[in-house]
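Line by line, the protein sequences are chains A and Z. For reference, each letter of the first sequence is one residue, going 141 to 338 in the working numbering. For reference, each letter of the second sequence is one residue, going 148 to 346 in the working numbering.
None of these hints come from the bench; they were simulated from the model. Think of the CB as a built atom: it goes at the ideal place given N, C-alpha and C, for glycine as much as any other residue. Just to be clear, a hint being listed does not mean it is correct.
Unchecked claim - To spell it out: a stretch of chain Z is covered by chain A in this simulated footprint if at least three of its residues, at any positions, have a beta carbon under 8 Å from a beta carbon of chain A; those stretches are: (1) 171-183; (2) 198-204; (3) 221-230; (4) 265-271; (5) 285-296.
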Amino acid sequence: MSLMHEFTKGLWKDLAPFRVVLGLCPILAVTKEAETGLGMGVGVIFVLTCSNIIISSIRNIIPRQVRIASFIVIIASFVTMVQLFSQAYFYPIYQKLGIFIPLIVVNCIILGRAEAFASRNGVIASALDGLGIGLGYTISLVVLGSIREILGAGTIFGVDIMWASFRPFTFMAEAPGAFISLGLLLGIMNAISKTSQS
Amino acid sequence: MDYVILVISALLINNILLAQFLGNCPFLGTSKRMDTAIGMGLAVIFVLTIACIVTFWVQYKILIPLGLAYLQTVAFILVIAALVQFVEMFLRKFAKPLYTSLGIFLPLITTNCAVMGAALLIIRKEYTFMEGVVFAVASAAGFTLALILMAGIRERLSVSDVPPALKGTAIGLITAGLMALAFFGFQGVDGALTALVKS
Numbered sequence: 141m142s143l144m145h146e147f148t149k150g151l152w153k154d155l156a157p158f159r160v161v162l163g164l165c166p167i168l169a170v171t172k173e174a175e176t177g178l179g180m181g182v183g184v185i186f187v188l189t190c191s192n193i194i195i196s197s198i199r200n201i202i203p204r205q206v207r208i209a210s211f212i213v214i215i216a217s218f219v220t221m222v223q224l225f226s227q228a229y230f231y232p233i234y235q236k237l238g239i240f241i242p243l244i245v246v247n248c249i250i251l252g253r254a255e256a257f258a259s260r261n262g263v264i265a266s267a268l269d270g271l272g273i274g275l276g277y278t279i280s281l282v283v284l285g286s287i288r289e290i291l292g293a294g295t296i297f298g299v300d301i302m303w304a305s306f307r308p309f310t311f312m313a314e315a316p317g318a319f320i321s322l323g324l325l326l327g328i329m330n331a332i333s334k335t336s337q338s
Numbered sequence: 148m149d150y151v152i153l154v155i156s157a158l159l160i161n162n163i164l165l166a167q168f169l170g171n172c173p174f175l176g177t178s179k180r181m182d183t184a185i186g187m188g189l190a191v192i193f194v195l196t197i198a199c200i201v202t203f204w205v206q207y208k209i210l211i212p213l214g215l216a217y218l219q220t221v222a223f224i225l226v227i228a229a230l231v232q233f234v235e236m237f238l239r240k241f242a243k244p245l246y247t248s249l250g251i252f253l254p255l256i257t258t259n260c261a262v263m264g265a266a267l268l269i270i271r272k273e274y275t276f277m278e279g280v281v282f283a284v285a286s287a288a289g290f291t292l293a294l295i296l297m298a299g300i301r302e303r304l305s306v307s308d309v310p311p312a313l314k315g316t317a318i319g320l321i322t323a324g325l326m327a328l329a330f331f332g333f334q335g336v337d338g339a340l341t342a343l344v345k346s
């Protein structure tokens, strides 16, 4: 029951980046298309889950003073794996994501979960926590990516879905569209959670 | 002249915050008040410049000669984390006034993706050392510029009537979007300048 909760909390209660406003840079930068959003999300799930497992299993060995540095090294190792793997097998997405793959290292969500959860809880709970938060983050990336791709290019995952006379708003595919659509989505989420509370 | 174009490009056209989306967490976190925005901005200029110089040296003098380029991510983040720690100790010992004004922002900079992002961009774009330094200073100045402009707007926003659901980060993001739209107006300036130089 409680283990299940560790998994599901990432999908709504602690949904990143809406409930915990962390990891904004990738969500703005890689959501021009749904596909790159999904690629980024899968990378984050892998790094978050693996680093949570490793950190929680050696949490009693790491001295407190150097824990942040150790977390960063562990996270950076997994990020390097993602980087090399995507370079070898998913080259088009690797190119589109560019510097945002190595920048998973400085994604505050991952370090935040390592510090707040994995360094205090058991291996299974930490793995589920990583999976849940990662999945929630991926869903957010894909939703925002889909909205921007539909409005900005008239397609979703590269498939044309809008009517023939639809004129795409180039604005949505560019930087301003990213900020504004994320801001509006955040506002909608706030409004929904407020009504569901009352 | 190339340096002028590089500066304008990094400062305005490809602003690290508003066009490249690097460093958004501290951008939204520290732009609520003008004095914290200035402190954070100065700390970023300071650390980003030093970090780019050091990571440039690490990449070309250590990683590439030893054939360890695949360790770039691990090496850079460690260098940046160590550097931030070192800068903090140095300032506390030798520049107390600067430490009291920048001190609280320094630990936050380790996870500021603008620092790591700029360091990686310099390597990816294959800049020379001087170009890299100019790019680093201009990018950091662009970050500070956007941050200070944003703080000015947000100080006004805090007293205006914002719909309850949009309060806080949501309206901050929408404001940032409108600012990005304004900065979008600089697109093409570098091309025009290059043409001007050539003619």
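Legend entry - Enumerated hints in conflict with the structure, sorted upward: 2 and 5
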